[in-house]
Amino acid sequence: MSLRRAIAHRNLLYLLSLKELRTRYKKSVLGWAWSLFNPLSQMLIFTVIFTYVFVAQPIPGDPSGLKNFPLYFLSGLLPWNFFSITTSVAMANVQSGSGLIKKVSFPHEHLVFSVLIAQFVTLLIETAILTIALLIVGQNVLKWLPVVLLIYSLWALFTAGVALALSAFNVFFHDVSYLWTILSQILFYMTPVIYFTVGLPDVLVGRILKTAANWGPTGGFIVAFHNLFYDGHMPAARLLLYLALLAITSFTIGMWIFGRLSPRFAEEM
Amino acid sequence: MADTILTVDHLVKSFRIHQQKSTSLKQLIAGKGRNRFDDFIAVNDVTFDVREGEVFGIIGQNGSGKSTLLKCMAGILQPNSGRVVVFRRMGALLELGAGFHPELSGRENVFLNAAILGMGRKEITARFDEIVDFSGLRAFIDQPVKTYSSGMYVRLAFAVAINVDPQLLIVDEILAVGDVSFQRRCLEKFVEFRNEGRTIVLVTHDLGSVKSLCDRAIWLEHGKTVDAGDPGDLVEAYTERMLGAEAPAADGSVRRGSGEIKIVQIEMFVNGGATAVKRCRTNDDVVIRLHYEAEKTIPQPVVGIEIEILGGATVTAPNTRDVGLVPATMSGAGVIEIALANISLVPGTYDIHTSITDFNRALVYDNLHEALRFDVMTGKPYETGGVVTMRPAWKLD
Chain A
1 MSLRRAIAHR
11 NLLYLLSLKE
21 LRTRYKKSVL
31 GWAWSLFNPL
41 SQMLIFTVIF
51 TYVFVAQPIP
61 GDPSGLKNFP
71 LYFLSGLLPW
81 NFFSITTSVA
91 MANVQSGSGL
101 IKKVSFPHEH
111 LVFSVLIAQF
121 VTLLIETAIL
131 TIALLIVGQN
141 VLKWLPVVLL
151 IYSLWALFTA
161 GVALALSAFN
171 VFFHDVSYLW
181 TILSQILFYM
191 TPVIYFTVGL
201 PDVLVGRILK
211 TAANWGPTGG
221 FIVAFHNLFY
231 DGHMPAARLL
241 LYLALLAITS
251 FTIGMWIFGR
261 LSPRFAEEM
Chain B
1001 MADTILTVDH
1011 LVKSFRIHQQ
1021 KSTSLKQLIA
1031 GKGRNRFDDF
1041 IAVNDVTFDV
1051 REGEVFGIIG
1061 QNGSGKSTLL
1071 KCMAGILQPN
1081 SGRVVVFRRM
1091 GALLELGAGF
1101 HPELSGRENV
1111 FLNAAILGMG
1121 RKEITARFDE
1131 IVDFSGLRAF
1141 IDQPVKTYSS
1151 GMYVRLAFAV
1161 AINVDPQLLI
1171 VDEILAVGDV
1181 SFQRRCLEKF
1191 VEFRNEGRTI
1201 VLVTHDLGSV
1211 KSLCDRAIWL
1221 EHGKTVDAGD
1231 PGDLVEAYTE
1241 RMLGAEAPAA
1251 DGSVRRGSGE
1261 IKIVQIEMFV
1271 NGGATAVKRC
1281 RTNDDVVIRL
1291 HYEAEKTIPQ
1301 PVVGIEIEIL
1311 GGATVTAPNT
1321 RDVGLVPATM
1331 SGAGVIEIAL
1341 ANISLVPGTY
1351 DIHTSITDFN
1361 RALVYDNLHE
1371 ALRFDVMTGK
1381 PYETGGVVTM
1391 RPAWKLD
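Note that the protein sequences, when read in sequence, are chains A and B.
Position 155, counted from 1, in the first sequence is what our numbering calls 155; the numbers after and before it change by one each time, with no gaps.
Positions in the second sequence are counted from 1; adding 1000 to them yields our numbering.
Treat the hints as calculated values from the structure; they're not laboratory data.
Hints may contain errors.
In silico DSS-like cross-links for lysine-lysine, where the CA-CA straight-line distance does not exceed 30 Å [as the list claims (entries may be wrong)]: (1) A/Lys27 with B/Lys1146; (2) B/Lys1211 with B/Lys1224; (3) A/Lys102 with A/Lys26; (4) B/Lys1122 with B/Lys1189; (5) B/Lys1211 with A/Lys19; (6) B/Lys1146 with B/Lys1122; (7) B/Lys1278 with B/Lys1211; (8) B/Lys1395 with B/Lys1211; (9) B/Lys1380 with B/Lys1395; (10) B/Lys1146 with A/Lys102; (11) B/Lys1380 with B/Lys1211; (12) B/Lys1189 with B/Lys1395; (13) B/Lys1122 with A/Lys102; (14) A/Lys102 with B/Lys1380; (15) A/Lys67 with A/Lys19; (16) B/Lys1146 with B/Lys1189; (17) B/Lys1146 with A/Lys26; (18) B/Lys1189 with B/Lys1211; (19) A/Lys102 with B/Lys1278; (20) B/Lys1296 with B/Lys1262; (21) A/Lys67 with A/Lys210; (22) B/Lys1189 with B/Lys1278; (23) B/Lys1262 with B/Lys1278; (24) A/Lys143 with A/Lys102; (25) A/Lys102 with A/Lys19; (26) A/Lys26 with B/Lys1122; (27) A/Lys19 with B/Lys1380.
Sample of chain B residues at the chain A side, in silico, Cβ under 8 Å [what the hints assert, rightly or not]: (28) His1101; (29) Leu1104; (30) Ala1115; (31) Ile1116; (32) Ala1139; (33) Phe1140.
Incomplete in silico selection of chain B near chain A, CB under 8 Å [unchecked claim]: (34) Gly1075; (35) Leu1077; (36) Gly1120.
Glycine is no exception: its CB is placed at the ideal position from the N, C-alpha and C atoms.
Chain A extracted, bound-state conformation (with noise of 0.2 Å):
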């Protein structure tokens, strides 16, 4: 019901959108740049630490034989990013968009999709430097994009459901951001960006890592773009089906908790 309403304003979230994509870097003078500064910078950072500081090998990609820090972080820390400022943001968003829910009729989902289609676009465009970059190490990804496209599309189902759910829960009570905040940090290094799995140690902890980051609901999106990107090969069928599902549950979860408590959202703001 809600989902039918939500596409029967898609005017009014293509607008919103592009009011997120277009305000974003009003009034800075290297404007859209900085979205590519950010992750250049933590990749630079990364691989000065990992480098030098905790001396590591990377490992090779198989079958592509890739052995680059930089750009294994980049292929994990892009999609990451996305989902990270998504949920961030949509929680913000959806509060300060407080206003508008109290004058006006409209579907308030539109305030996290919104900001849901402003990073996508923004990830698709990092992707097209990161691919350039894998191009000029002579790595042949071109092939795999469509492949990429799609577990993108999971990848952002996924996110919209879990920024739904949040910024739904935020309305009622703020201390889920911050909370947030700090889970998002655990699950940061519960995902394997900027490590690999195959180099874990195998004790207890080590153990528990490696499940956590093959299979937890974020980890295996990342194990997915490092098959696609870095290693070169697709991923295992039994993993795209895993994706699947995730993606199909979150987005239901979250638009049936989003749903449920959006019509008390005017009164609790």
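Could you slot chain B onto chain A? The hints should help.
Showing chain B alone in chain A's frame:
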């Protein structure tokens, strides 16, 4: 009879008033806090229909539940019980410019705001020029709205809102924006809307516009329907109740003067009645009685009263010198009567100030400011504007 376009059916909306407003997970987990609340019933079992093509007014004091009712009708709030059924495309104007983004240009905001109000992309493109022309801001349309003055902001917002083109328009107190000329254009647009046979639901404190614009009205008090029907009758009953409900102000009178002679009491009688009152109706025969006491003999005193509308202008200020009724002396105690036949005051609250001076009006013996406050209620003729009625005789061919 015209079709029903909106039905409000036994609508109830209550709010929880929390003892502590702050909500945190700690309170939830502790199982406290969230449970401590009172229910405040803002709209209590209200039922009415709005028919196609009519202008429907909602009147009531602040806090009577008008805005809550409107928000339920607009779909912003969910009723606790009862329902609202809307049969046509509805546009609700509860606040102008909701969702305007300061960094975006006027053009971008027009598109965004119109989309928020429910318009499709093609529709907006088709109406864009009309919107810009109505706002009169073509020269500034590509500037960010943060550079707009508040007047420009409101004009653009109203231009968008009025062009949303709904079959049913819900309006909350927004006809009073902008400068006088813009207000007139808004009113014209509004009348144009009505003449096109569209339905309007109007909430306003301006009872004059309820009487002049509305076909039917409903009167809310404490969330309940007091009465519904003809707006003229309703507004009359409403003003009467509102003025009557207010207790006469505590004696705020201030006395000045040398005090050799004083007004010690002031009374008002209506239509030959024997008991003093503080209320009359337009066209009543009113008698003001001033009781005076003098300490010594005062030569040639001039007695005057002044009637002033509450917080406003002096309506009239007669005195005994102007009518050549100055006695040679005045002493002891006595009564002065001023008869005001067929009083011309329109409904409202008025103050009477009294004064006793010497013949040259230079020496003030006694001046009692706000000696009596009284209310004028609806009588014949009935006029909503102005201060006095001139008892006009209309002739229409």
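Can you name, in rising order, the numbers of the hints this structure does not satisfy? 5, 14, 15, 19, 22, 24, 27, 32 and 33
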